[in-house]
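Undergrad: Listed here are the chains, written in short residue letters.
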Amino acid sequence: ILNVEQSPQSLHVQEGDSTNFTCSFPSSNFYALHWYRWETAKSPEALFVMTLNGDEKKKGRISATLNTKEGYSYLYIKGSQPEDSATYLCAFIGFTGNQFYFGTGTSLTVIP
Amino acid sequence: GAGVSQSPSNKVTEKGKDVELRCDPISGHTALYWYRQSLGQGLEFLIYFQGNSAPDKSGLPSDRFSAERTGGSVSTLTIQRTQQEDSAVYLCASSLLEGGDTQYFGPGTRLTVL
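Those sequence lines, one after another, are chains A and B.
If you're matching positions, the first sequence starts at 1 in our numbering and goes up one per residue.
If you're matching positions, the second sequence starts at 1001 in our numbering and goes up one per residue.
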C-alpha cells in the first residue's frame, strides 16, 4: 500500500489570506501527480496534472509545484475567497499508470 | 457535454442484501475507475477498467465485491451480502486515455447499510 500524505488535514483562513498545503508521496516509480478539488455535494474536479520534476502549474489564483526527487507537491492559493472552500486532494500515480493513490485531503474553509 | 453519471444517488439497504451501483462514463473514455470513501477516510481505489483488457481488481476489499463493464461503456459495481462496513460513498471516474490521464468523476452513490 502506497502512502500519500497531505497536510494539514484542515485549515481555516480569513478571506484574502494566501495559503498553501502539502502532498507527500513516494519518490520512486513516479509517473504523475494530480490535484483535485472536491466541494461538498459535488464531484471531485481536476485542477492540475503534473508529470515533470520542477513543474509549476497555475490556474487563476491557484498554483502548484512538484518535486519528484524528494516526493512532495505544494498547492498555493493566493487571496483566498469563500468559494475556494473545499477539500483538496492529491493523487499519486505510480509507474504502471493504472492506479491512483489518493491522499486523505486538506479541508479548506475560507471565512468571509 | 454530458459528464459521468451514477445511479442511484442514494441507496439504503439491509445487511445481507445485494446491491448494484451503476456508472455511465463520458462517451469515448477508455478508462473507468471505481473508488469508495468511507467516513473520515480518503478515496480508496477499488477497480480499474481499460479498454478490452482484463480489469485491475487489486483494490476490491473482498470477494463480495465485483464489477463489470459492458461494451466498453456502462459499468456496474455489485456488492453481495452487504455489511455495515460497506457503507460509504462510491465514486466512479472515467478518463479519455489510460496511464494517469485526468479523471472525471461522477456525483457518487451514497450507500447506507443498516
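Hints should not be assumed to be uniformly reliable.
[Unchecked claim] Label-pair restraints from in silico Cβ distances: (1) Pro26(A) with Leu1096(B): 23 to 33 Å; (2) Phe95(A) with Pro1061(B): 17 to 27 Å; (3) Glu56(A) with Lys1017(B): 45 to 55 Å; (4) Asn67(A) with Thr1102(B): 15 to 25 Å; (5) His12(A) with Asn1010(B): 28 to 38 Å; (6) Glu70(A) with Glu1020(B): 43 to 53 Å; (7) Ser1027(B) with Tyr31(A): 21 to 31 Å; (8) Ala41(A) with Ser1027(B): 35 to 45 Å.
[What the hints assert, rightly or not] Computed from the model, here is a short list of chain A residues facing chain B with C-beta under 7 Å: (9) Ser28; (10) Ala32; (11) Ser43; (12) Pro44; (13) Leu47; (14) Leu52; (15) Gly94; (16) Phe95; (17) Phe102; (18) Gly103; (19) Ser107.
[Claimed, not checked] Below are the DSBU-like pairs computed for lysine-lysine, each with C-alpha atoms no more than 35 Å apart in a straight line: (20) Lys42(A) with Lys57(A); (21) Lys42(A) with Lys1011(B); (22) Lys69(A) with Lys1015(B); (23) Lys1011(B) with Lys69(A); (24) Lys69(A) with Lys42(A).
For the record, the hints were derived by calculation from the structure and aren't laboratory data.
Just so you know, even glycine gets a beta-carbon here, dropped at the ideal spot from N, CA and C.
Undergrad: Broken hints, numbered, in rising order?
TA: 8, 9, 13, 14, 15, 16, 19, 22 and 23
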